[in-house]
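Just so you know, the protein sequences line up as chains A and B, in that order.
First residue of the first sequence: 461, per the numbering used here; consecutive thereafter.
First residue of the second sequence: 6, per the numbering used here; consecutive thereafter.
If you're looking for bench data, these hints aren't it; they were derived computationally from the structure.
Since this is a predicted model, take the numbers as computed values, not measurements.
Just so it is clear, CB atoms sit at the ideal spot from N, CA and C, and this is done for glycine as well.
Fair warning: there could be bad hints in the mix.
[To be verified] Examples of chain A residues toward chain B, derived with CB under 10 Å:
(1) Phe505
(2) Lys508
(3) Ala575
(4) Leu576
(5) Asn665
(6) Ala669
(7) Arg675
(8) Arg678
(9) Ala683
(10) Leu767
(11) Arg770
(12) Arg771
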Amino acid sequence: MTATANEYVGAAAPAETGVPIPQVVAFGVMTTILVAAPFLVYPVFLMKALCFALFACAFNLLIGYVGLLSFGHAAFLGAAGYGAAHSAKAWGFPPELAILFGTAVAAALGVVIGALAIRSKGIYFANITLAFAQMVYFFSVQAGFTGGEDGIQSVPRGTLLGVLNLNETLTLYFVVLAIFLAGFLLIYRAIHSPFGQVLKAIRENEPRAVSLGYRAERYKLLAFVLSATFAGLAGATKALVFQLASLTDVHWTMSGEVVLMTLLGGLGTVFGPVVGAFIVMALENYLSQLGAWVTVVQGVIFVVCVLTFRRGVIGELGNLLRKSL
Amino acid sequence: MADDVILETEGLTKEFRGFVAVKDVRLRVRRGTIHALIGPNGAGKTTCFNLLTHFLAPTRGRIRFKGREITGSRPADIARLGLVRSFQISAVFPHLSVLENVRVALQRTRGASFDFWRSERVLDGLNGRAVELIEAVGLAAFARTPAVELPYGRKRALEIATTLALEPEMMLLDEPTAGMAHDDVERISALIKRVAANRTVLMVEHNLSVVENLSDIITVLARGEVLAEGDYRSVSRNQDVIQAYMGSGHA
Ligand SMILES: Nc1ncnc2c1ncn2[C@@H]1O[C@H](COP(=O)(O)OP(=O)(O)OP(=O)(O)O)[C@@H](O)[C@H]1O
Ligand SMILES: [Mg+2]
């Protein structure tokens, strides 16, 4: 009975489960570039971009697949950074534990902020997340262990799992790349999981999903916590790479920057946030001579991009090729 | 006798800023019946459904389902108790395929809904049952079609298949045959009759031949109030009912 039914589905159209070929190809291209890149480009720049790429992917999980615009994601990036830096420096945690601890801090923060914010929608949701992020910011300014304006400096990178010396730049790079790829793939899996399917249904028609018995807030909350957790993973990794946790990462402008990256690359696309993060990082890098004007130039570029390709770089590309990327 | 009432309301009332859309409605739906709720446009039928499933909070009144007070329960929890509604404006997940639409419902009762670490391929295990349901509503040829591309009548059929996937003890159908071509109306009526064999159905329906054909009992609502109740013969002869329908331009 079931066998015939499945045959029937197979006959009706080509199989749709499994990862689409264009995405497999794109993933191969991305990985190849990232493996080769440190031999051609300044690795520290790449590591910074990879941390932000993961941050943007985490943010995209929420806005692209649940439709919630958080304007407080800096809180997760920054809090995880403080968590990792403090545990490594003050408590002598090895890097793997420091990263885990920082990520756990972000996850816990995600549960608290998410539980309080998830019932609101649209601009209210953005406002509430911003308000909580500002609280985290002021806490970071006041609390002693964060080092105030100076931040936590000279964080020891240590030896990963007791074997990989993270003070060697290339070793560090490939560890960061591995963390990024793991995070990227886990986010991809979450989107393409049974849970992801329910998220999709809720986004498509929330009243209908509710009428089928789905308690929509719980699914949104889990998505929020996952998003916060991966943002935290990015922040904790970043703190070890730069040996620094500072107020910059909890500042509201960081929440704005991740919105920019995601929109620029393509909201709700798999690869868009990665591309967006690299574009923004490259711009910041090359425009840094302009000093305070960076923000203005960035703003102009952003406005032009949003007006010319609304779907973002990858969104437009996917549309052109008629493939979902 | 009283204990085979599955759904019961007492003094159910809904006011919208002073306007009374549903007024003091006492409804008793007996287990295993097809109960029709009819009435002219704006009578308050959809509002009643929204109150029963708590998509709207009643201003006053109480609702009991299977002997349990559900007046303040949340919509998702009411669905979990076995009271599942459809919508007047066809409610599908537009960019999911027909198969996926039904699977979303199956997934709710068969678990894995929170599993974010597993591949969505585990959902293929639900395909067999999903296809049976899709075939039952005549959508077999459309299994892989995105719901948004279906013609209106077929969207309604999909909605019923999705509702049935939950095997609810009681279904609330809001105008299940509205906008359907004649053939579809017959197929859907036959389907409702078939699935009602082991469950209770409360349906809003404007097509009076469908009502005559299917329903065991009819409640007529006008201006938010119960005007009459009984079988098709008695209700269709009721002077108040004829008046109400004439007044609103219905034949
Ligand atoms: N959310 C709302 N706010 C204000 N008024 C409402 C609201 N929902 C319904 N109404 C009003 O309540 C009355 C009853 O509406 P309802 O949709 O329940 O009617 P109905 O019997 O389902 O009609 P139809 O046969 O046209 O579907 C109408 O006058 C409608 O304008
Ligand atoms: Mg109605």
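Do the hints match the structure? See the list:
no., hint, result
1, Phe505, "32 Å, violated"
2, Lys508, "28 Å, violated"
3, Ala575, "16 Å, violated"
4, Leu576, "18 Å, violated"
5, Asn665, "5 Å, holds"
6, Ala669, "7 Å, holds"
7, Arg675, "4 Å, holds"
8, Arg678, "8 Å, holds"
9, Ala683, "8 Å, holds"
10, Leu767, "26 Å, violated"
11, Arg770, "19 Å, violated"
12, Arg771, "16 Å, violated"
Checked against the numbered hints given earlier, the structure breaks hints 1, 2, 3, 4, 10, 11 and 12 and satisfies all the rest.
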